[in-house]
Amino acid sequence: MGPAVRAGLGMASVALAILLLVGFKAPQDGVVMGAARTSGGSGTSTAGTTSGGTTGSTGSGASGSGSSSTGSTTSGAGKTYDGTVIQTRYGLVQVEITVKSGKVVTVTALELPVGGRSGAISGIVAPILSSEALSAQSSQIDIVSGATYTSSAYAQSLQAALDRAGI
Amino acid sequence: MVRRVEVVMGTVVGVDVRDAIPADALEPTFEAFFATLRDIDERFSPYRPESEISRIADGRLAEADAGADVRFVLACCDHLAASSGWAFDARRHRADGRLDPSGFVKGWAIDEALRYLDEAGLRCYAVNAGGDVVLRGNPQPDRGWLVGIRHPTEPDRIAARLEIHGGAVATSALYERAGHIRDPRTGAVPDQLVSLTVVGPELTWADAYATTAFTIGADGPAWVERHPGYGAIAITADERLVWSPTAAPLLSRGSQEVAVS
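Quick note, the sequences are listed as chains P and C, same order.
1156 is the number that this note's numbering gives the last residue of the first sequence; the numbers go up by one with no jumps.
785 is the number that this note's numbering gives the last residue of the second sequence; the numbers go up by one with no jumps.
Hints may contain errors.
[As the list claims (entries may be wrong)] Listed below are several chain C residues computed to face chain P (Cβ distance under 10 angstroms; list not exhaustive):
| no. | residue |
| --- | --- |
| 1 | R528 |
| 2 | V531 |
| 3 | D540 |
| 4 | F554 |
| 5 | V657 |
| 6 | L659 |
| 7 | P663 |
| 8 | H675 |
| 9 | P676 |
| 10 | L686 |
| 11 | A697 |
Just so you know, these hints were derived from the structure itself, not from any lab.
Fair warning: this is a prediction, and the values are worked out from it, not measured in the lab.
Just so you know, even glycine gets a beta-carbon here, dropped at the ideal spot from N, CA and C.
When you get a sec, could you build the whole thing from the sequences and use the hints?
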């Protein structure tokens, strides 16, 4: 799937553009930082640990903390794999996928805490599948129209997650 | 509920089936659905050098010799260009002037692929292709699908909510400063609206009208209304929510009121 996906992902006019929470302006784009969450990808399971889509470390510094849950876990719902952390002018982007029986069932884009922001991460979630995570005035929502994601950062991180999952 | 997601056509496409059918039984239907999208991408993507569109753009293939659906798509694009005063123009919207019907192909491809879901007898499902949505049936006995329109500046919030009993919802928007939408008439990034959502029976047209009306700007929703069955909800640059008459009954309670265009 690699080459075809890469070609498809390069399709800029249907590009993905994620709006990230603007909390930090980085001096350059596209610099790949060390992952703040350790990424497995080898499929090791960690009993009792699940990587939820929108939860994560709470306000610890971004680079190198590595203290939160592993990037690849097995739960009843499938295995999760994290993509690389990409720095953009809006902050950090990392994509997490959940794979079940060789198919991607969830795609979540995570914003990682930068500069000691306190409180739980308000993850940027792929509207397709994580609409239940939108706080959205507490109203019930099945699906969200109008998404999208920064073309290169999201695609890069997603491709890395796919590569780790071997898809 | 059975859910399947793939990355195809440069975006993430998810299918969420609510019919009581086991996942194994749905496998062939999902395969056919995604295979259709991959096939269309190979033939239409301007980023694949050997696609029919690329070969036409290069002059290596005459349009008249292209496949029937390529000619169909280009004819639809030309019609849309004429009826929108060239606010939509697949032949001229790119800075390098290369043919690029992607703004039409994305929605049309989903409608083509949906045939497999419908032919398999599925009656209640949602498809989300990078924020363009098609709904069928009612997810609960007492209500239709509740579709949020993403807030343009607060990513974890919605700006409005629609209740859809079957149909398509497509949104065109600029969520970051460096937009990928350009007005073919001026080369500039449209700046009157931050987001425009079209609702209507078919994603092919909802998607195309959303792209077009967003470029048109403040008069976009009225332009959408010229097409029977299609309505629009827009968020203006000064953060007002506006909607056209066909869209009005679909806005569900709790949506912020503003002006009606």
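Status of the hints after comparison with the structure:
With its C-beta approaching chain P no nearer than about 6 angstroms, R528 of chain C sits inside the 10 angstroms limit, and its interface hint holds. Interface hint at V531 of chain C: satisfied, since its Cβ lies 6 angstroms from the closest Cβ of chain P, which is below the 10 angstroms cut-off. Satisfaction of the interface hint for D540 of chain C is found here, the shortest Cβ-Cβ separation to chain P being roughly 8 angstroms, below the 10 angstroms cut-off. Taking 10 angstroms as the C-beta cut-off, the interface hint given for F554 of chain C holds, the closest approach to chain P being about 8 angstroms.
Hint status for V657 of chain C relative to chain P: holds, with the closest Cβ pair at about 5 angstroms, below 10 angstroms. Hint status for L659 of chain C: holds, given a least beta-carbon distance of 8 angstroms to chain P, under 10 angstroms. A distance limit of 10 angstroms between C-beta atoms decides the matter here; for P663 of chain C the minimum to chain P is near 6 angstroms, and the interface restraint holds. Here the hint on H675 of chain C is kept, as its CB sits about 8 angstroms from the closest CB of chain P, short of 10 angstroms.
The beta carbon of P676 of chain C comes within 8 angstroms of a beta carbon in chain P, closer than 10 angstroms, and the hint placing it at the interface holds. At its closest, the beta carbon of L686 of chain C sits 8 angstroms from a beta carbon of chain P; the interface hint therefore holds under the 10 angstroms criterion. Below 10 angstroms, beta-carbon pairs count as interface contacts, and A697 of chain C has one with chain P at about 5 angstroms; its hint therefore holds.
Taken one by one, the earlier hints all hold for this structure without exception.
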